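These protein sequences, in sequence, are chains A and B.
Start counting the first sequence at 1; every next residue gets the next number (the numbering used here).
Start counting the second sequence at 463; every next residue gets the next number (the numbering used here).
No wet-lab data here; the hints were simulated from the structure.
Because the structure is a prediction, the values reported are computed rather than measured.
Yeah, the Cβ is synthetic: ideal placement off N, Cα and C, and Gly gets one too.
Please note that the accuracy of each hint is not assured.
Unchecked claim - Examples of chain B residues toward chain A, derived with CB under 8 Å:
| id | residue |
| --- | --- |
| 1 | 577 |
| 2 | 719 |
| 3 | 720 |
| 4 | 723 |
| 5 | 727 |
| 6 | 845 |
| 7 | 847 |
| 8 | 854 |
| 9 | 864 |
| 10 | 869 |
| 11 | 871 |
| 12 | 889 |
| 13 | 891 |
As the list claims (entries may be wrong) - Among the chain A residues that face chain B by a calculated CB cut under 10 Å, a handful are:
| id | residue |
| --- | --- |
| 14 | 162 |
| 15 | 165 |
| 16 | 168 |
| 17 | 262 |
| 18 | 266 |
| 19 | 341 |
| 20 | 387 |
| 21 | 388 |
| 22 | 397 |
| 23 | 402 |
| 24 | 423 |
One letter stands for each residue in the lines below.
There are 2 protein chains.
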Amino acid sequence: MAGCARRPVQLRAAGCGRDRVRALPPSDQLDGAGHAVAAGEKRPHRAGRPLRHGRPSADRVRRRAHVPPRGAQSRRRAHCGPRIANRGLTTFDLLLIGYGNVAKRFVSLLEEQRATLARRHGLRARVIGIATRRSGGQYVAPVFRRTGPARGPAVAGAGVRTTLDFVSDACVRDAAAARKRRLVMIETTTLDIARGEPAISHVRAALSGGAHVITANKGPVAFAYRALARAARRANRRFLFEGAVMDGVPVFNLVRETLPGVRIIAFRGVVNSTTNYILTAMERGRPFAEALADMQAQGVAEADASLDLDGWDSAAKTAALANVLLGAAITPLDVERMGITPETGRLALDARAAGRRLKLVASAVRVGRRIVARVAPEELPGDDLLAGLDGQQNAIILRTDLLEEIAVAQRSGSLTQTAYALLSDLMTIARDVLNRDAPAPPRGTARATRRSPPPARRRRSL
Amino acid sequence: MAGCARRPVQLRAAGCGRDRVRALPPSDQLDGAGHAVAAGEKRPHRAGRPLRHGRPSADRVRRRAHVPPRGAQSRRRAHCGPRIANRGLTTFDLLLIGYGNVAKRFVSLLEEQRATLARRHGLRARVIGIATRRSGGQYVAPVFRRTGPARGPAVAGAGVRTTLDFVSDACVRDAAAARKRRLVMIETTTLDIARGEPAISHVRAALSGGAHVITANKGPVAFAYRALARAARRANRRFLFEGAVMDGVPVFNLVRETLPGVRIIAFRGVVNSTTNYILTAMERGRPFAEALADMQAQGVAEADASLDLDGWDSAAKTAALANVLLGAAITPLDVERMGITPETGRLALDARAAGRRLKLVASAVRVGRRIVARVAPEELPGDDLLAGLDGQQNAIILRTDLLEEIAVAQRSGSLTQTAYALLSDLMTIARDVLNRDAPAPPRGTARATRRSPPPARRRRSL
């Protein structure tokens, strides 16, 4: 087992003709000595003691299944097997598809939060593979590298030519984790605004391979939410995408987790930081180009700035929100769309002079059985909540049946926030898996109950 | 069993010397023919078939415990027993302590949402007892009324003199539901701002009797959060209180459910509708008394308006937020407090003239190991998110470690919103109980998994 603790210090490129060698930063090296633990997980329902006659009595099995032994620690041991009990952690395997700034920050955030994740969520994560457009797919975890060609490079196996192949290959190689619902694909590739690909195909491949999917990519939700949600339900896996809109500030999770039974009727919001920053700057007399250059320098604007300026980014977010919150089945192409130009600056100045504010407003509303979705500059009264959003601030106002209007606002955006969105989705999956794997609640007397609260409950309490 | 379907049409007063008889409105009559189902729940782990030799084989027990039969329907039957499978619902018993406007709206909301709760959450609720200050405790569900004196009034049993006795008595009478974690106390009594009683005692009694607790009362969280949360953990029951601040707009649930791993460093907000309405009205030149009369006429102001005006209501909410979100252990008496008076109107007018706004701001921040909490009128710059809150709007801005600032705002308040807070907490408890009672996830092949998604997962998906 000593080999398992070996840390990878370099990765080689696969299938792209070049022989690039690069050091893996220490923060990415998440695959330390944990394989012994993972192996221990393969027998989660063995109490860890040898069976006396090769087969347990009915009473003993029944006792293990329903009535926990006294004391949380011993119950935990009965459930997870002795090796886990020592560590008390459940390992999730991560497959990073796309490895740009967001994914890199996610990996470093995982490392920063490692102690908290372990202590408060009983969760440990290791990156098993990374795929980038330039370098192809590469296995990072030694256990998978060693299953490749005996002396070949540490890359995906034969027949793996595309990122899509890599996703499928990884699901097969890590089938043990996939079966236990502990394999998660983190999708952060660049969005093709016209089709939502290749992200949609990646999501499909991962779900059908038994992996959960987390994405910060608007494409899958904006173009194919209904089909992918159905695929996830059928595969009994989660498909989460909190990072697609307003970074780590909860919108989708807010509605799903905290507003059960509430029907969203409509929404409107400011969801693109670049255009809001430019509009605010122009109100103060700064030129369009200068404000745009600011956003590009800060890395906030999309690589192709026209995606922001022409309203494509807002339209994709609008479609995503409408699909998930209003039950629509639209794409960004169905969103009526008008962006901002240097000429919009004059309108912004005029509005400000009249005590009003010009904002690029994204909205959708249900009209009969149709969804009307729209992105356009709108002049808002000064006391509108959206009017107060300066610079990179974003906000969404939800109109609901039971709670009238609720607003959630983000006062600033950053890479860390998007990375946190991925992390919070990972914690949602972990909570889900751990809660469902936990033993049934005690059915004894109140006295016995008080003595032995199950550990998972403790974690969730505020 | 025919008697179980009988609906109560009247309640008699208990122990208060008067013989008031009042009709129970149809919307409160939630205890229809469901007792057969409840009885069926008593054997959740029986597969519903008689055992051939009085004792199952080890293999059969093991199979039932871990490997679900093919198809969701048959798994559900194996888990819940045949009577539940037919209905597919889990019944929660509710004990209403306090029966004012909020509790009444909660009961009618339950009725309005009955179909949704059943279809989407597999949940059914029935009120088993109601306690009010004027009438004492009264059992509503026939099954409990009949366990009282044979021909006596339909009230709590002998020795039940106070509401507190009634809570304990109900937990004993409905011990079957309490053991199965399906008894919930809904606490909506009036707050004694100096001590947080009697709500705190009610919460303790319910938890120690095995009931979950939901409250819209600020008292327990503001005065004794840490002790009550500990009691809930020990009893393995939930203690939820979303309605205590900003009605049904999620604040506590937002942080607990959607911001795992995020540390709240400070918060500030406008959390009292009455004072914000009065300040907004005075800015527009209306007199203090007239604006206050508006709020009293609408039923928004507290019964004793000085609780709003002197900042007590805001201070209680500040203490509640600080205790839960910042890990403080303070009471409303520890909150530095300044309210509003008719003279504040001049300051509000001056601020408005200078492009600024005067708001009653509640805030708390951690300074070293101390929590500094404060309620006071503050002059805010016009572009502050709180400055934009007009009339009865409320908002809270959370300062966090990972996500910088997040704001959540309520654009209007109503009885329905507070009632919804209770309902959303009930759904949280139901989800928790149902998820933990659900069978373990399938551990077979991906193929088998796809064929049989467990029903609980379907409900939670967006």
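Report task. Tell me, in ascending order, the numbers of any earlier hints that this structure violates. Result -> When the structure is compared with the hints, numbers 1, 5, 8, 13, 14, 15, 16, 18 and 19 turn out to be violated.
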